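Q: Let chain A serve as the given structure and place chain B on it in line with the hints.
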Amino acid sequence: MNNPTLKNLARNGAIWGFIALQLVFFELAGRYWSLSDSAFMDLDSMLLLLKQSAPIGIIAIGMTVVMINGNIDLSVGAIYALAGIVMLDSLGWPFMAAMGDAAIPLAWLFALLTGCLLGLINGLIVWKTGVDAFIVTLGAMLGYRGLVFVYNGEQPTYNLNWAMVDIAEADILGLQVPALVLLGVALIVWLVMTRTVHGRNAYAIGDNREAAVNAGIRVGPHITINFVLIGFLAALSAVVFYSGSGSVNPNDGMLFELWAITAVVLGGTKLAGGKGSIIGTLGGVIAIQLLRRGLNHIGADSETVNLVIGTILIAVLFLDRQLNRKGAEELRL
Amino acid sequence: MADTAAKSLGRVLARQGILIAFVIFMLGFALWNPRFIAVDNVFGVVRSSAILGIMALGVTFVVIGGNLDLSVGSMLSFSAIVVLDLHENPAFGPALAIPAMFAMTLCLGAINGYLIGYLRLNSLIVTLGMLSAIHGLTLTYSGGQNMDIANQGATWFGVFGRGSALGIPIPVLLFAGLAALLGILLARTPFGRKVYAVGGNGTAATFSGIPRARVVFLTYLISAFCVATAGLIQASRTMGAQNTVGQGMELEVLAAVILGGASLLGGSGTVFKTVIGVLILGFIQNGLLLAGLQFYVQFVVTWIIIILAVWLDIATKRGKLWSPIA
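Just so you know, the sequences run in chain order A and B. Taking my numbering, the leading residue of the first sequence gets -1, the next gets one more, and so forth. Taking my numbering, the leading residue of the second sequence gets 5, the next gets one more, and so forth.
Calculated directly from the structure, the hints in this document are not laboratory data. Bear in mind the structure is a predicted one, so any value in this text is a computation, not a measurement. Careful, some of the hints might be misleading.
One-sided and incomplete, this derived list gives chain A residues near chain B with beta-carbon spacing under 8 Å [stated by the list, open to error]:
#1 Ala298
#2 Asn304
#3 Gly308
Covered, in the sense of this in silico footprint (three residues per stretch, anywhere, with C-beta under 8 Å from a C-beta of chain A), are these stretches of chain B [to be verified]:
#4 134 to 142
#5 250 to 261
In silico negatives: residues of chain B with every beta carbon more than 10 Å from chain A [said to hold, decoys possible]:
#6 Phe33
#7 Leu56
#8 Glu92
#9 Ala114
#10 Asn126
#11 Leu128
#12 Gly148
#13 Asn150
#14 Asn155
#15 Arg166
#16 Gly171
#17 Pro194
#18 Ala208
#19 Leu222
#20 Leu293
#21 Thr320
The C-beta atom is built at its ideal place from N, Cα and C for all residues, glycine as well.
One chain only, chain A, in its complex shape (with noise of 0.2 Å):
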């Protein structure tokens, strides 16, 4: 492995290894323990597969920009929890009601500002008191939550549109919306780190803000820009989702951060900042949605995939470690 070019490709490639590796067990293993009949590989269950990955995935790929930035964001389920109450209660609110189904289009600008606020919110925090990132969004985590509690009390908030629900479940080729909508956003993520001032500032400030603030770069408001895109992605995923649901639970959303997270490790985003690929971050959301599907194919019980998981994630951490032991060393908040 003293090959540059051929450990690069191990490093980067590995989550899309992991995930053939899945898929042919899982495949193999189905045949003998499924109880079900249809195979493992079959379309429709891959391209499901997506659209189920779409609410932790869109969140995922906002929180690899504020890790590669060197920060996390924890408030992210409890965001996405508000702007889901926001989208179905103003629904009903009488000038959106004798609007119809004009009120729609609105309804989603109003979560997804609502996502911005709260992000824009963190951002100012995190870049005026110089608080860290981490006690900040723990914080808010706890402050937003208590206002989606605050909101509605410990009731659901219900809307059921059809008009939404059909928009949400239109499909192309398909794919349903909620699947080209992660796709979208991976797309312009994607573009945005690799080919563009912003994305490059992003890896600079992650690798040594020091040396970023020395060449110039505003970090304050380029750390604050990317709280209001997670918090605008955040919003985004509850859009997506409700529109099909029609259905909050003020508890709704709750550990999306833990698996948000978990996503963008696997996919090789440095906890410590100036590392990461939004590429990874989808493959990892991919791998995780891929094995507990697999788990449930081959008849485990729900109980062991998160056994499974989370011990999983410590072996890719211990694995990541012994591939590139340099860079892991002084990985410290």
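A: For chain B alone, coordinates are given in the frame of chain A:
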């Protein structure tokens, strides 16, 4: 002269900021509503904070050592479920169930400690993975069922959660006792100094001959021990537990530790300040309820207070309120 006096006073205040905030806060609440500082109310708050507080004591060690423990919430569910299940097992009974549960929980702590201390894996991700894995373990163990004690009259198991001695509830006694014990361990022993050294600068600590891996390992064992104690109280208080009883508590625990002034970068914080942090969280909750505010508003207020506390802490250290980031 007056200037230096003011300066040293300022330095003392900066170090004890959280204590002063606590006193001001209590005075404010007491003026607002005298019932707030009535003895039974104070006892009630301390008792209801005991479970969170005991977990926070252990996490304080982990955080001072420069790491995180996000698995304590899942671990609490695990220990509560295990001790209830073993209690109902005719081969065990309470006298054997409790040590067996402690042993099992300590094993989980040892896994954390081994991976983070000896293999030097990132603590955030490891304990995140353990959060998921332990939750799965708990569900597998219990078959997804909630556990409870069938014949509650025939056992002395309830004493840890419901009993009291000398008029003081047992959970409060356990909290106070553990806090005293761990406070001395951290502030007065060579081990405590090593924890600070490892968290302050791990590389320097290694060079000066401190067994870094073992120290980190032990902080996770202490954390697991505290969680097991909290799980025992939790199970004993309700004589039953759900698989999800500790869900989300890791963040409340961390909030209490941070509120107490421990830095996430490691190397600073004390057991005493963590206790103050726990009490502040408890009294905020209680005070807001007494003030007639909605239960959930406390989350929002907690958020604001955490950020204010941490902000003031670092602002006093750098001598500037605004904009450390360009």
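Q: Against each hint, give a clear statement of whether it holds in the structure.
A: To see whether the hints hold, each was checked on the structure:
Because the closest C-beta pair between A/Ala298 and chain B is about 10 Å apart, greater than 8 Å, the hint is violated. A distance limit of 8 Å between C-beta atoms decides the matter here; for A/Asn304 the minimum to chain B is near 3 Å, and the interface restraint holds. A distance limit of 8 Å between C-beta atoms decides the matter here; for A/Gly308 the minimum to chain B is near 3 Å, and the interface restraint holds. Counting residues of the segment 134 to 142 of chain B whose CB lies closer than 8 Å to any CB of chain A gives 8, which reaches the minimum of 3, so the coverage claim holds.
Under a criterion of three residues with beta carbons nearer than 8 Å to beta carbons of chain A, the stated coverage of the segment 250 to 261 of chain B is upheld, 6 such residues being counted. For B/Phe33, the shortest C-beta to C-beta distance to chain A comes to about 19 Å, beyond the 10 Å cut-off, and the non-interface label holds. In this structure B/Leu56 is separated from chain A by more than 10 Å, as the shortest Cβ-Cβ distance comes to about 13 Å. Residue-level check passed: B/Glu92 sits 20 Å from the nearest beta carbon of chain A, beyond 10 Å.
The Cβ of B/Ala114 sits about 14 Å from the closest Cβ of chain A, beyond the 10 Å cut-off, so the non-interface label holds. With a cut of 10 Å on Cβ distances, B/Asn126 falls inside the contact zone with chain A, its closest approach being about 5 Å. A Cβ of chain A approaches the Cβ of B/Leu128 within 10 Å, the least distance being about 6 Å, so the stated non-interface status is violated. Listed as outside the interface, B/Gly148 is inconsistent with that label: its C-beta sits roughly 6 Å from the nearest C-beta of chain A, within the 10 Å cut-off.
With a closest Cβ-Cβ approach of about 14 Å to chain A, B/Asn150 is found to remain outside the 10 Å limit, as its non-interface label requires. At roughly 28 Å from the closest C-beta of chain A, the C-beta of B/Asn155 stays outside 10 Å, upholding its exclusion from the interface. With a minimum CB-CB distance of about 27 Å to chain A, B/Arg166 clears the 10 Å threshold, and the non-interface call stands. Chain A leaves B/Gly171 outside its interface by the beta-carbon criterion, the shortest separation being 34 Å against a cut-off of 10 Å.
The claim that B/Pro194 is not at the interface with chain A holds, since no C-beta of that chain comes within 10 Å of its own (minimum 24 Å). The beta carbon of B/Ala208 sits about 12 Å from the closest Cβ of chain A, which is more than 10 Å, so the claim that it is off the interface holds. Distance check on B/Leu222: its Cβ is at least 19 Å (rounded) from any Cβ of chain A, clearing the 10 Å threshold; non-interface status holds. For B/Leu293, the non-interface assignment is confirmed: its Cβ lies about 14 Å from the closest Cβ of chain A, beyond the 10 Å cut-off.
Against chain A, the non-interface label of B/Thr320 holds: every CB pair exceeds 10 Å, the least being about 12 Å.
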